[in-house]
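Enquirer: Listed below, chain by chain, are the residues.
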Amino acid sequence: MSGQIPLVDYLVLGDEPHLEASECTSCGARYFDRRNACASCGAAGEDQFRSVAVPNEGQLKAFTIVSFAAPGVPVPFVAGVIDCAGTSVRGNVVNVEPDADHVRLGMKVRLTTFAIGEDGEGTEAIGYGYEPMEAA
Amino acid sequence: MSEDIWILGIHMTKFGKRPESDVVDLAAEAALGALSDGGVTMGEMGVLAAGNLMGAATGVGQMLQKQIGQTGIPVYNVANACATGATALRTAIMAVRAGECDMGLAVGVEKLAGAGLLSGGSRKKDSDTWEPSGRYGAVAPLDGRVGTETMPGVFAQIGMEYGHTYGGTDFELFARISEKNHMHSTLNPLAAYTKAMSLEQIMGDVMIAYPNTRPMCSANCDGAAAAVVVSDSKLKTMSLEQQRRAVKVAASVLTTDPWEEACQILPDVNTLTRNAATQAYEQAGVGPDDLDLVELHDCFATAELVHYDNLMLCEQGGAVDFFESGAPFRDGPKPVNVSGGLESKGHPIGATGIANIWEVCHHLRGEAGDRQIDGAQVGLAHVIGLGSACGVHILEKAAA
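Chains S and Y supply the protein sequences, listed in that same order.
With our numbering applied, the first sequence corresponds to residues -6 to 129, in that order.
With our numbering applied, the second sequence corresponds to residues 285 to 684, in that order.
Just so you know, these hints were derived from the structure itself, not from any lab.
Idealized CB from N, CA, C, for every residue including glycine.
Watch out, some of these pointers could steer you wrong.
To give a feel for the contact side, a few chain S residues facing chain Y, derived at Cβ under 7 Å [said to hold, decoys possible]:
no. : residue
1   : Asp26
2   : Val59
3   : Ala72
4   : Gly84
Here are the computed distance ranges between Cβ atoms for each label pair [as the list claims (entries may be wrong)]:
no. : chain 1 : residue 1 : chain 2 : residue 2 : range
5   : S       : Gly110    : Y       : Gly488    : 28 to 38 Å
6   : S       : Cys34     : Y       : Asp454    : 51 to 61 Å
7   : Y       : Gly671    : S       : Glu13     : 40 to 50 Å
Chain S with its partners taken away, still in its complex shape:
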C-alpha cells in the first residue's frame, strides 16, 4: 500500500475526512482555492488566510442531473451545491439514484469519500461527494 492522496488539497483525509476552507482573517470570507488576496475585502498579507474545518453535514440547495457531458465524464451524475452551515460547497451527490424522485432540493446530506483510482505507483486518489442522510 503506497498510501493515499486527496483529489483536491482542501479535502483532508484521515480518521475523519473533512473539507478545509481558507478563511480570510479580516472579513471571514471562505475559499477552497488559493487566493492572492481576499476577493471580498481586498486584504492581503502573509497570514491573511487560516484553515478552518467545514462541517460535514449540509443541505442540498441546488442540483442538476448531468446526462450529457464532455468525453470521458461518466453520466448520469448528480452535481450539486451544498450549504454546510453557511459555507457553500460544490460536490456530486452520490450513493443515490440519479433521478428527480430520489434527489430533492433541501435534502440533508453528509460528506463521504471514495477511491477514484490508483496511479502507477499504487497511490490511491480519494475523492469526495455528499450522500443522503436518510432514505429517499
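Use these hints to put chain Y onto chain S, whose structure you have.
Expert: For chain Y alone, kept in the frame of chain S given last:
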C-alpha cells in the same frame, strides 16, 4: 451629464447554419447592413469594436477592416464571454460618449453551428502519477467528479437554487418557458429555429442536465449583428429620416459579480444582473413598468426564470407567478423574448448581445413585421456571460 447616444443603424444576419460564410463574411454582412441601415459609410466611423469569443486572439476587427474598409481608426477586439456583443457595443458607445469621435461601429459575430457542448473541457487521460496542480491542488480533472463545469449543468443549478429559495418550480414549468420561446420564434424569419414545439416534445427530448432538455438549451449557431452609434449633436446634423429612425440608448451598463459567499463555487448570475438593471433603470429614468418588451438571456429555460426576478419584472421571489400570469408571452403585458430567445432564435455567442438590441430596436421603430409589439416605446436588452459579465441596455423610441 454627457450628451445622448443613439443607435443610427443596426443589422442582424440570418441565424442558423451558415456554412457558406466564414466569421469575417458574417461580420461584414452585419457591418455593411448596419452602415446601410444608418445611411452612413465606413469612412465616417471613428471607432470599430469587434466582438468574437472563439477567435478572440485572431483580430477579427482588423480582418473585417480588410474586407470593408481600412480607414486607420482604432479597433478594439472584444471578448467577454456571452456578453461579448454587448461589450463591443458599449465600447463604441464609450468612445462616442468620451468625445473621441462622433460615430462608431460595433460588430458581434460567432460561428458556432455544430459546436456541441460548450465549456466543460474534455477530460484528459489521467496521468500515471497523481500530481497536484492548479489552485485546488487537484490530481485529476474535476468536471464530473466535483460537480459540473458544463453550462447546461451550471444554469440548471441556478434555476433549481431559485426553486429551493422561493418554491413553485418544477420540470414542467421550465419546459413551458421554453415552449413560449419556441412559439415566439415562429414569427421570426431570422431565427435559427422557427418551429413551435409542444410541451410533450420539449419534455420528451434528450435530457442534457435536468431539468434542461435539449430544446431548453440555447441553440449553438452561426450569426452576426452590428450597430452604428452616433452622438446627439452629430445626429442633429443628419436627415429627418435618420433622426426619426434613430433609437435612443437610454442606458448602457456593464457589471460583474460582486463578492457573495456562494458565488465562489456556483456563478451568481443574480446579483450582477440586479445591479445592472438597477443602474440601467436609474440611468434611463424609467422603471420595469415602463418596458414594452424585454429580450433577456435565456441561455437555458432555467435562466429565463431567474432573470424575470433579477430584471425586476416581478417582485423578488415572484418569477413563477409572473410566468403563470401570462405576462411574458407576446400577448401579455410584459413580452419577453418575442424573438424566440436564445433557445430558438439561437445563440452565436459574440453576436447575441447586439442581436438582442436589434430585436428591441425593430419594435421601437415599428419595423418588426409579424411579431411587432404594437406601440412599443421602451425596451430592455440583457445578456450575461460567465463568469461573469452582465450587459443591460435600455432603448427608447425617438421622440420625433
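Enquirer: Interface hint check: Val59 (chain S), Cβ to nearest Cβ on chain Y, cutoff 7 Å. Holds or violated?
Expert: holds, 5 Å
Enquirer: Hey, does the Gly84 (chain S) contact hint survive, CB to chain Y under 7 Å?
Expert: holds, 6 Å
Enquirer: Taking the CB of Cys34 (chain S) and the CB of Asp454 (chain Y), does the distance hold inside 51 to 61 Å?
Expert: Given range 51 to 61 Å: violated, Cβ gap about 39 Å.
Enquirer: Could you check if Asp26 (chain S) really has its C-beta closer than 7 Å to a C-beta on chain Y?
Expert: Since the shortest Cβ distance to chain Y is 4 Å, the answer is holds.
Enquirer: Does 28 to 38 Å hold as the CB distance between Gly110 (chain S) and Gly488 (chain Y), or does it fail?
Expert: Cβ of Gly110 (chain S) to Cβ of Gly488 (chain Y): about 36 Å, so the range 28 to 38 Å holds.
Enquirer: Measuring from the C-beta of Ala72 (chain S) to each C-beta in chain Y, is the shortest one below 7 Å?
Expert: holds, 4 Å
Enquirer: Taking 40 to 50 Å as the hint, is the beta-carbon distance of Gly671 (chain Y) and Glu13 (chain S) inside that range?
Expert: violated, 24 Å
Of the numbered hints listed earlier, those contradicted by the structure are 6 and 7.
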